[in-house]
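Enquirer: For the protein sequence lines, the chains are B and P, in the order given.
Residue numbers are given in this note's numbering: position 234 of the first sequence equals residue 234, and the series is strictly consecutive.
Residue numbers are given in this note's numbering: position 520 of the second sequence equals residue 860, and the series is strictly consecutive.
In case anyone wonders, no lab produced these hints; they're calculated from the structure.
C-beta atoms are modelled at their ideal positions from N, C-alpha and C, and glycine is treated no differently.
Treat the hints with care, as some may be off.
[Stated by the list, open to error] Covered, in the sense of this in silico footprint (three residues per stretch, anywhere, with C-beta under 8 Å from a C-beta of chain B), are these stretches of chain P: (1) 371-380; (2) 572-581; (3) 622-628; (4) 636-649; (5) 687-701; (6) 804-813.
[What the hints assert, rightly or not] With a straight-line cut-off of 20 Å between C-alpha atoms, the simulated SDA-like cross-links for lysine to any residue are: (7) Lys12/B to Asn824/P; (8) Lys350/P to Asp414/P; (9) Lys134/B to Thr147/B; (10) Lys12/B to Leu785/P; (11) Lys620/P to Gly335/B; (12) Lys622/P to Ala312/B.
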Amino acid sequence: MTDVAVPNTTRKDWASDQEVRWCPGCGDYSILAAMQMLLPELGVRRENTVFVSGIGCAARFPYYMSTYGMHSIHGRAPAIATGLAVTRPDLDVWVVSGDGDALSIGGNHLIHAMRRNVNLTILLFNNQIYGLTKGQYSPTSEQGKVTKSTPFGSLEAPFNPVSVALGAEASFVARTHDMDRKHMQEMFRRAHAHRGAALVEIYQNCNVFNDGAFSQISGRDQRAEMLIPLEHGQPIRFGADGGRGVAMSTDGHLQLVDVAEAGEAALLVHDETREDPGLAFALSRLARGPFEPTPIGVFRDVVRPEYGAGMAQQILDAQERKGPGDLATLLASGGTWTVS
Amino acid sequence: MSTVIPRQTKELDRVVVRFAGDSGDGMQLTGSQFTTVSSLFGNDTATLPDFPAEIRAPAGTLAGVSAFQVHISDHDILTPGDAPNVLVAMNPAALRANIGLMDAGGTVIVNVDAFDERSLEKAGYTANPLEDDSLTGYTVYEVPMTSLTMEVGKQVGVKPRDAERSKNFFALGLVSWLYSRPVEPTLEWIATRFAGKDAVGEVNTKAFKAGYHFGETAELFESNYQVRPAPAEAGTYTNVTGNTALAWGLIAAAQLAKLPLFLGSYPITPASDILHELSKQKHFGVRTLQAEDEIAGIGSAIGAAFGGALGVTTTSGPGLDLKSESLGLAVNLELPLVVVDIQRGGPSTGLPTKTEQSDLLHAMYGRHGESPVPIIAARTPADCFDAAIEAVRIAVTYRTPVILLSDGYLANGSEPWRVPDVADLPAIDVTFATEPNHTADDGSLEFWPYKRDPETGARPWAVPGTPGLEHRIGGLEKAHGSGNVSYDTGNHERMSHERADKIAGIAKGIPAVEVDDPDGVGGAEVLLLGWGSTYGAIAAGARRVRARGLAVAHVHLVHLNPFPANLGDVLRSYRTVLVPETNLGQLVRLVRAEFLVDAQGIAKMQGLPFHAAEIEAAVLQALGEDIAEPGITARGNAEGVTS
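With these hints in hand, go ahead and build the complete structure from the sequences.
Expert: Structure follows, in structure tokens:
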């Protein structure tokens, strides 16, 4: 908007004056802090930053940011953000959503925003439960989950959000968790830098209705053995001293191996930019749930035409071809006759 | 053109022609070209396309019949005509499906080649109606359209199958001769439309000429007819359909308001043509998004509005259902938004291609909570242009979603329109907030997104990108002024009133209703009150009543919410208020509730507009006049007229 240098800001500048009302101990606090601490580093302006959310605990997020924001209705944030992003390419538009909001009631909007590759940064807070409505199973809850609405266990197979995003042609997909601020910030930074739709799944603990859902993998003592960091161009290794890794078996499946046994050369080298999403998809399925070694980091980061830019280009092309629209010419375009 | 046998040309003041054939026979194209030529010639015209929901129902069946009715006249007309004077039937099904619309004495031109045993059977005829006495009372012309067209095709050297498809041009040529239409515009149109497809263009041209010559030379017709140009206000005219006029109105309004236009829309009959038209006009800076569903259509428009664009979504009834929750959000956000609803028969999928004033109560009440939304309704195809501008004016002035109602009849129907001078269009003032508007207790300046304009009740429109005005809006109740989330009970009551008062206050800025009563307001005993697409039929019905020396008044509403301020007084000035609607009585409920007047509904639910005669009959009945008096034809729709 102006050529004045972006002012230096601190975390405080990005926090609104509204009292944060999540339950004490909620994972959302650490995500909010990570964001408020990161934004001063991104060289962006508050007035050019917009957070759009739907409904759910996570969806209160915009109220706590001193940016522009909209707390909309259940599931619709990607659609609303699409209209904003394509008409205002000068803005940074973030979408904040949860597993119910993004993958249940709003699943259609989420997949189409990614398919179109709208310039949105989508944060999906996945706590595998409905928190705001007090504890029903969600589309990411594990099969058999006992909740108020499934007293005899959920019959439904869960969605894997990273798999869904890859299947929906997302050009950027990452996963992080609420116990590691630095990793979250790195994922947010990368997603923000990406042109097009970027989805970041955040494993987030709901300490009231689904406490410990991710503790088997994200606890401080578990991380080394249970989280598999994906690093572009590097062999995929994890475990204390990097003793374990991911390799492709002869039948094409990914498997966990001991590096000492399999040999370093057998390890899969991670390539975020691979055109074919097949390997990224296979990585997203490596763990059946957050109780097995689980990849985190950037699964995919490819260049694809951004939707809003394409829309703007079509306008420029049309204006070049026909000149800027003239109303009188338009009204006469169907053929006219004159009565005198 | 070749041999002309001198024959009498009779003058007519008006004629109603109905072209009917299979869905694949090109009847819509034929009818609209006949309309265009008549408009260019200077007639007043009004059209009624009438086509099935199926893209191609089985050929030759009643379900597959597609028709286009056009009324041409040497004077100002208001409807596509009650009963056709001429029916062009391309096959037995077209005859069977449409003959019931004709009055005795009408003219029927049939493509006799299509009346073979199989086609008759498919149409459900057990005997050939051309051979028994079932068409007694009609003047029937049997013309071998298919075989003559195929003869033309043979000369050009195209396959018989391809040649056969040009038979609608033969019919167009024949009817063009019958009504003395100039041929050049049609020949030019064929040349342009089929440019690059030489063989097709040539067969069409030759078939058209063959049809014209057939009329001239065959000894079949004793005379042809002339309908002179209608006197019209000086100016430049064009023919527009309602959907085109509406799309152009949105583009015009965006220019007047100096806002970029954004349309989020999901395809739905009969609204899709607005999406198509706006998608073509990218050089106006129009952005169109074919959304993944109806909800995303309105959602993206809301997002665009938040960013400072003119956000519009277009739909029809089932889509309006889906948009309800988002409309409620827009009410709470208090952002400008235009929701265009091209109404069609309901409930559910209902009658997708048939018209109905189905959604007034839906527009008025179809949201949870106290959720007032202004409603505008267009009354003729060309009026869709002005209605769109008015909807935008209200939306941006009052920062509110507005529902703009049109319907299938207006959407696809066309009429001549005197093209307005762009310089005469009303300005629409939009000012974005740029500065803080509130001083906090500590003396610091703040921006309050819900601090209202004392005149309009509108809140400031502060768009992202404006430094210092960062704020959050949403679906949760907002504290008055500051816009912070508030669960305070007293605040909710206050905000509910503020939202309601803002919408009610729009009445201050709209004109009083005009009363069409030659004897002055309250002069007649009966007032006809209408809204939307019934305008033409009601006005024509009123003319017919007055032509009998009787008095009737007519008021037509463009603003349905809020009503014009004088409406209550006007209604109370008449002993009897009749409200014709193509629904079971929606406006009539609103005015009865609002004004405590004993208004009576006249309902028609046939997926078709009213006939002028039906309106006339209802008024005569209310006046205690004898409907069966000779010379009046209350066309066979007794069940459709209640009073």
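Enquirer: Take the hints in turn and mark each one as holding or not.
Expert: How the hints compare with the structure:
Counting residues of the segment 371-380 of chain P whose CB lies closer than 8 Å to any CB of chain B gives 3, so the stated coverage by that chain holds, three being the minimum. Interface restraint, the segment 572-581 of chain P with chain B: holds (9 residues with C-beta to C-beta distance below 8 Å; minimum three). Counting residues of the segment 622-628 of chain P whose beta-carbon sits less than 8 Å from any beta-carbon of chain B gives 6, enough to reach three: the coverage restraint holds. Judged by the Cβ-Cβ criterion of 8 Å, the segment 636-649 of chain P is covered by chain B as claimed, because 12 of its residues qualify and three suffice.
For a cut-off of 8 Å, the count of residues in the segment 687-701 of chain P with a CB near a CB of chain B stands at 0, and the three-residue condition is violated. For the segment 804-813 of chain P, the proposed coverage by chain B is satisfied: 10 residues have a C-beta within less than 8 Å of a C-beta in that chain, meeting the threshold of three. For the hint linking Lys12/B to Asn824/P, the alpha-carbon distance of about 19 Å falls within 20 Å, and the restraint holds. Distance restraint check for Lys350/P and Asp414/P: the Cα-Cα separation of roughly 14 Å lies within the 20 Å cut-off, and the hinted pair is therefore satisfied.
Our distance criterion of 20 Å between C-alpha atoms is met by Lys134/B and Thr147/B, whose separation comes to about 10 Å. For the given pair, Lys12/B sits about 18 Å from Leu785/P by alpha-carbon distance, which is consistent with the 20 Å threshold. Distance restraint check for Lys620/P and Gly335/B: the Cα-Cα separation of roughly 17 Å lies within the 20 Å cut-off, and the hinted pair is therefore satisfied. A hinted pair counts as satisfied when its Cα atoms are at most 20 Å apart, and Lys622/P with Ala312/B qualifies at roughly 9 Å.
Comparing the model with each numbered hint stated earlier shows that hint 5 is the single one that does not hold.
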